[in-house]
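**Student:** Position in the sequence shown (first residue = 1) + 2 = the working numbering.
Keep in mind that the hints were calculated from the coordinates and are not lab data.
Because the structure is a prediction, the values reported are computed rather than measured.
Beta carbons are placed, not taken as given, at the ideal position from N, Cα and C, and that holds for glycine.
What follows is a set of in silico ranges between Cβ atoms, one per label pair, in the way DEER data are often shown: (1) Leu142 <-> Gln35: 31 to 37 Å; (2) Ala149 <-> Arg86: 34 to 40 Å; (3) Cys77 <-> Asp38: 47 to 53 Å; (4) Lys81 <-> Ile46: 34 to 40 Å; (5) Leu128 <-> Leu56: 30 to 36 Å; (6) Met137 <-> Leu56: 17 to 23 Å; (7) Met137 <-> Lys40: 30 to 36 Å.
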Amino acid sequence: MPIVESLAIRHEKESHNHSNLTVYLASLVIFIQDTDIKKALELISNIGYRFYLLIGITFIAYLLGTLSWQYTLGCDVKKVSLTRLFLIRHVGETVAWFNPTSIVGGDALKGVLLAKYNIDKKTVLLSVLLSRMIMILTQLFLLFVTASFMLLK
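Can you make the complete structure from the sequences, with help from the hints?
**Tutor:** The structure is reproduced here in structure tokens:
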């Protein structure tokens, strides 16, 4: 492939990435503008110290989800650090919240970001899908346990 053609393709990909980032940031700005910040802060204040407890529990849940994803990478596990994988997962999950395609867009972004670590495309795809399946099965298990507990009470 000639250098000029390669540079043109690279420029096109970078432009596409910048337009995606612009859409995500615009969505975030609209979300923040439509949020009643005073009311949100008041609710956080009412929760008190438990707010920080919730943040801590959420962090632990994200960390455990990241560890689960890390195990699905198999032999390529050492190519990406746990910290970097945590960040990739968090960005993907956040994009899923704001993207109209939801999980599909967030998981696709995770795959794109993970592929930059010289991991085979098949491994990337399977790890993202397996991680999602593990998360869904875990949620269904927790739903079953919670529903059983509530019905027995």
